[in-house]
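Protein chains: 4
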Amino acid sequence: MKALSLEETFGLEQLRLVEREDRHPRRGEILLEMKAASLNYRDLLLVKGHYDPRQPLPLIPGSDGVGVVIAVGEGVERFAEGDRVLPIFAQRWIAGPPTRERLRSTLGGPLDGVLCERMVISAEAAVLAPPHLSHLEAATLPCAALTAWTALVVEGGLKAGDTVLVQGSGGVSIFALQLAKLFGARVIATSSSDEKLERMCELGADVGVNYKKEPKWGRKVRQLAGGEGVDIVVEVGGAHTLGESLKALRVGGFIGMIGVLSGTRAPVDLLPLLMGYVRIQGILVGNRDNFEAMNLALGAAQLRPVLDRTFPLSEVGLALETMASGAHFGKIVIEIG
Amino acid sequence: MKALSLEETFGLEQLRLVEREDRHPRRGEILLEMKAASLNYRDLLLVKGHYDPRQPLPLIPGSDGVGVVIAVGEGVERFAEGDRVLPIFAQRWIAGPPTRERLRSTLGGPLDGVLCERMVISAEAAVLAPPHLSHLEAATLPCAALTAWTALVVEGGLKAGDTVLVQGSGGVSIFALQLAKLFGARVIATSSSDEKLERMCELGADVGVNYKKEPKWGRKVRQLAGGEGVDIVVEVGGAHTLGESLKALRVGGFIGMIGVLSGTRAPVDLLPLLMGYVRIQGILVGNRDNFEAMNLALGAAQLRPVLDRTFPLSEVGLALETMASGAHFGKIVIEIG
Amino acid sequence: MKALSLEETFGLEQLRLVEREDRHPRRGEILLEMKAASLNYRDLLLVKGHYDPRQPLPLIPGSDGVGVVIAVGEGVERFAEGDRVLPIFAQRWIAGPPTRERLRSTLGGPLDGVLCERMVISAEAAVLAPPHLSHLEAATLPCAALTAWTALVVEGGLKAGDTVLVQGSGGVSIFALQLAKLFGARVIATSSSDEKLERMCELGADVGVNYKKEPKWGRKVRQLAGGEGVDIVVEVGGAHTLGESLKALRVGGFIGMIGVLSGTRAPVDLLPLLMGYVRIQGILVGNRDNFEAMNLALGAAQLRPVLDRTFPLSEVGLALETMASGAHFGKIVIEIG
Amino acid sequence: MKALSLEETFGLEQLRLVEREDRHPRRGEILLEMKAASLNYRDLLLVKGHYDPRQPLPLIPGSDGVGVVIAVGEGVERFAEGDRVLPIFAQRWIAGPPTRERLRSTLGGPLDGVLCERMVISAEAAVLAPPHLSHLEAATLPCAALTAWTALVVEGGLKAGDTVLVQGSGGVSIFALQLAKLFGARVIATSSSDEKLERMCELGADVGVNYKKEPKWGRKVRQLAGGEGVDIVVEVGGAHTLGESLKALRVGGFIGMIGVLSGTRAPVDLLPLLMGYVRIQGILVGNRDNFEAMNLALGAAQLRPVLDRTFPLSEVGLALETMASGAHFGKIVIEIG
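Residue numbers (this note's numbering), protein chains in the order written: chain A, 1 to 337; chain B, 1 to 337; chain C, 1 to 337; chain D, 1 to 337.
Note that these hints are calculated values from the structure, not bench results. Treat the numbers as computed from the prediction; the structure is a model and nothing was measured. Check each hint, because a few of them may be wrong.
As the list makes no split between identical chains, a pair holds if one copy fits it or if it spans any two.
[Unchecked claim] With a straight-line Cα cutoff of 20 Å, these simulated SDA-like cross-link-like pairs (lysine to any residue) come out:
hint, residue 1, residue 2
1, 196, 157
2, 181, 296
3, 2, 263
4, 247, 53
5, 216, 300
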């Protein structure tokens with residue numbers, strides 16, 4: 001079978017479509033024919049060698065994908081041939097809180113990922129894809145959607161009437177917007193582009209703030225949230241946005257720290273954290289139980305992911321460059337099967 | 001000022017419109033001119049003398065009402081003249097968990113209630129009424145809506161994709177239906193009347209079950225909920241419905257026990273509670289913090305209570321009889337001001 | 001290998017020591033040489049055929065035991081030969097909330113249990129035994145101790161300064177007493193025997209109440225708990241004790257419903273549940289994550305289970321009769337290896 | 001009555017013992033005769049003018065104290081003359097989560113504090129002092145002890161078997177040590193002094209780490225905690241210690257951020273926060289409900305605060321200098337009455 005691989009060296013230009021041997025599912029495993037994948041910022045970092053320099057090669061990248069079960073190993077009851085499933089990001093994180101051991105089992109580094117024609121995984125390490133979604137749509141869920149769900153619902157305690165701040169228009173932020181609206185919350189979105197803010201508002205955002213025009217957006221967002229501040233921030237920026245996020249947040253508010261796009265190291269003033277009784281929760285995707293709960297929610301609402309451009313498996317490098325440019329809106333997806 | 005009062009004896013026919021002396025708000029208090037009230041099943045029990053036989057008389061009944069602040073005592077910063085406010089049911093339960101002392105301060109027994117022209121309460125013991133609601137609509141919130149909110153959101157952890165069972169079409173059940181839909185949940189409703197089930201479906205219920213035709217509705221509801229059972233039951237029936245509710249519930253599910261309309265004592269089989277890892281939470285309305293959170297949700301969604309008939313203050317007895325007949329759908333309200 | 005088995009019919013006198021074929025551990029499995037077991041009331045019900053009449057026979061009973069790993073299947077990293085481990089009760093309940101599928105995998109019915117010389121289980125379905133405990137002591141943990149831990153710590157939110165009510169001197173109640181003291185809580189114990197109450201006090205109980213002499217013990221316990229009532233009840237009695245437990249409980253209190261020794265069906269008055277904002281949580285042992293957390297606590301405190309008599313594998317019937325008589329104090333244990 | 005006051009300017013040398021007029025308790029208020037106080041690092045910052053430069057003067061400093069009720073206003077039921085009470089730090093934070101309004105009502109800035117002979121407060125804004133403590137001991141609880149309790153118990157979910165890291169030997173750290181041991185947890189303590197570490201171990205710490213000798217103590221602490229890392233960090237250092245704290249913490253661990261002694265601004269690497277699914281919770285003392293719960297725990301265990309030197313009211317400046325020197329171990333206390 002064909003697979004996209006980093007063979008010896010990191011780098012966008014090092015991605016190769018290679019031939020890999022198929023293997024049969026053993027006891028407790030399933031064999032998937034992959035249909036589609038979607039890209040995350042983590043894939044870009046990983047391919048460039050910026051994610052974890054100790055990552056051994058060769059490696060098949062890609063964390064988010066959808067496949068159809070074409071064979072099941074001995075003793076598998078969870079799935080049958082023909083089921084359309086989504087491999088979970090942390091293959092051993094089924095339920096409950098994370099542990100080091102559970103978080104070490106992630107697809108697309110350290111484990112081989114989804115950018116391939118066929119893959120074998122444990123039958124425990126996948127969930128049924130929501131039937132109302134196309135292959136391309138379903139492929140966006142395992143990291144991007146579940147990260148937003150974990151931040152808002154599992155850790156943030158999202159409820160109707162809350163005000164949520166989402167930053168930018170990347171995959172997680174758009175899912176966070178859609179989920180927040182699904183729960184009856186208000187959403188304030190930031191972006192550097194008025195055009196993207198307009199699209200966020202079409203998707204349901206109540207108000208947009210252009211952080212290029214309003215570099216000190218924290219106080220403004222606080223005022224837009226009725227003066228007390230927002231209840232929840234879905235923080236994708238990291239070190240350089242955290243200061244403004246803290247200004248935007250209400251006393252006792254919650255920050256789901258899901259990304260560090262703007263950088264990982266910056267002098268952060270910790271005092272507002274104390275004085276505001278703020279909770280910051282680092283988010284690393286989420287577990288299988290919550291993935292299944294989210295899929296029920298998506299199904300009940302017939303909610304659909306927002307897709308940007310589609311690329312074939314042979315053009316993942318180009319797709320990652322598109323992502324790096326920041327010109328996209330929603331998920332960049334890969335057609336496989 | 002005029003007030004409706006039980007003077008010496010309990011009984012629907014004992015309700016008298018009497019003259020009571022006005023009093024000035026002291027330090028920390030506010031004086032309200034009442035505009036509207038709404039009735040709860042508790043009012044019926046109380047007036048009949050079935051709620052708490054030790055309740056001393058005379059008593060002004062009525063737990064749910066809306067008034068306008070017409071005077072403020074010394075040191076009051078929370079409200080100003082002209083504010084339209086809702087007195088909270090347990091006048092001393094502001095935040096956090098309940099205590100015996102906090103729950104002893106309820107309006108309409110043991111404390112004088114809202115069925116009067118003017119009342120003085122602590123400025124801490126009220127919340128602003130949502131501006132999008134009429135007086136009659138706003139008057140339905142303090143007990144009925146907040147009970148549903150507390151059961152579903154505060155204790156039940158309601159989220160999109162959950163399946164919620166609501167029983168009948170009383171005030172709490174209809175609010176529970178509306179709130180569950182607001183959060184993106186699925187709703188299964190029971191009733192003895194196909195016509196009422198139809199109205200529940202118009203309000204958003206996904207499916208209705210007529211418990212007259214289907215007396216063993218527990219298993220049926222479980223199947224309608226995808227085989228595993230519902231996530232949350234808003235239990236208004238009590239002893240005689242709990243058995244079926246337990247059959248309808250999924251493993252690890254939640255029952256918000258908010259009423260005992262069908263009776264308080266019946267042989268309940270406790271084994272399913274253990275075997276199903278069920279949580280039952282007794283619900284007694286809720287605190288001020290959660291009332292304010294709910295009002296934000298109602299405002300954001302412009303959600304409106306469902307009203308049945310309106311009666312004048314002089315006809316509360318008739319209104320309670322209407323409630324007793326069970327013919328109503330939604331809240332029975334009283335026009336005062 | 002030898003195993004204790006119900007071959008064709010239920011009944012204490014139907015227990016047979018039979019020969020069963022050994023099997024090799026497959027991929028992901030471990031083979032245990034069992035060293036000791038302990039008995040629970042559930043075993044008695046099951047052997048008598050009162051637990052689940054649909055349980056197919058033959059069946060090896062026994063939920064709680066300890067064994068040493070003597071072989072590991074392919075791909076097992078969790079354990080190595082020589083490790084001393086405790087099989088978990090619900091073999092598939094590793095972490096997070098329970099589901100029907102997770103709770104269906106319990107040892108000693110429907111699955112074959114621990115009363116045998118050797119058994120094969122999934123490597124995921126066991127935890128390391130605390131090193132400071134003997135085989136007999138360690139064998140008491142999987143159900144009895146974990147049930148008490150789940151009720152008090154996981155669901156009950158036990159903290160120093162709380163007052164906990166434990167009923168009787170069965171295995172779970174004694175563990176609950178020991179754990180409550182470990183957390184700095186106060187403990188009130190009930191029993192029908194002054195002598196047993198004395199032993200409970202030696203183990204740390206702050207006060208004992210003889211329910212034979214004080215059949216209406218609810219109000220008394222409430223007063224002993226400072227007038228407001230106890231914070232947590234570990235309810236083992238079920239239908240006939242729940243009424244008094246509710247009287248003993250503070251407003252907003254918690255009842256961990258872990259047993260129904262006094263019966264499963266009785267007319268329970270539900271009104272105090274509402275009026276007292278009571279939470280009742282059905283408890284079915286607990287998951288592997290919490291088992292491991294508990295073992296850390298037991299190790300840190302060098303806490304030891306209280307053992308009653310020891311029987312050989314061939315006399316489990318007699319051991320169960322001893323349990324039925326109620327004369328024991330602490331766990332009845334079985335020596336195997 | 002006499003009071004210690006900053007009259008016109010900030011500065012240790014600006015503290016004056018002045019005469020202030022007594023006032024009578026109004027409706028809902030109580031008059032206290034102060035017996036003792038204790039100092040916190042916040043008092044030092046505030047007196048120096050480093051806490052909040054917008055703080056208006058004159059101001060009576062001091063957040064932690066104990067007094068006896070010598071008069072009660074109209075309508076007060078919570079306390080009677082002769083009760084020995086502890087004013088709560090945030091006078092309006094009674095229960096539930098914090099809000100801006102609740103946190104703005106703190107003693108010793110912006111409100112006048114406890115370093116005076118008599119003070120009037122709302123009867124809602126105090127709790128009974130634990131009877132087993134002397135005046136000087138009781139005076140240490142309102143900020144220092146409650147901060148440790150809130151971090152560990154309310155937000156950190158402390159349980160037996162957990163490993164807790166405490167930093168240094170300031171008031172909060174010693175209380176955290178004592179509370180952690182009370183709950184059956186393991187404690188690792190850091191300090192720059194072997195002698196202080198020895199005293200921490202005498203108080204129950206399981207192991208001490210001298211951060212002078214071991215500047216990169218994070219990894220060492222992780223190993224001492226069994227390789228996975230500690231469950232809870234009580235972070236008093238702030239910006240310059242957070243990096244090592246994150247190294248010491250297990251995946252999914254909890255950091256209670258209660259102080260910023262080492263500085264408020266430093267480049268913090270946020271990546272470990274994400275990758276480790278870390279929760280950081282800013283802690284600002286705590287509410288009255290939790291204060292009362294803590295006092296029950298202290299009483300049940302007869303736990304006593306650790307006191308350092310005692311100063312008279314006239315030597316608070318000297319006492320604050322002693323605190324600034326860092327030579328103390330435990331709480332510096334002030335004798336008043």
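Taking 20 Å as the upper bound on the Cα-Cα distance, should residue 196 and residue 157 be classified as within, between, both, or neither?
neither (27 Å within a copy, 33 Å between copies)
Reference check for the pair residue 216 and residue 300, CA-CA at most 20 Å: within, between, both, or neither?
Neither: 39 Å inside a copy, 27 Å across copies.
For residue 247 and residue 53, with the copy left unspecified, which applies at a CA distance of at most 20 Å: within, between, both, or neither?
between (35 Å within a copy, 18 Å between copies)
Should residue 2 paired with residue 263 be assigned to within, between, both, or neither, using CA atoms and 20 Å as the limit?
neither (35 Å within a copy, 54 Å between copies)
Status of residue 296 relative to residue 181 across identical chains (alpha carbons, at most 20 Å):
Both. Shortest intra-copy (16 Å) and inter-copy (14 Å) distances satisfy the 20 Å Cα cut-off.
Comparing the model with each earlier hint shows violations of hints 1, 3 and 5; every other hint is respected.
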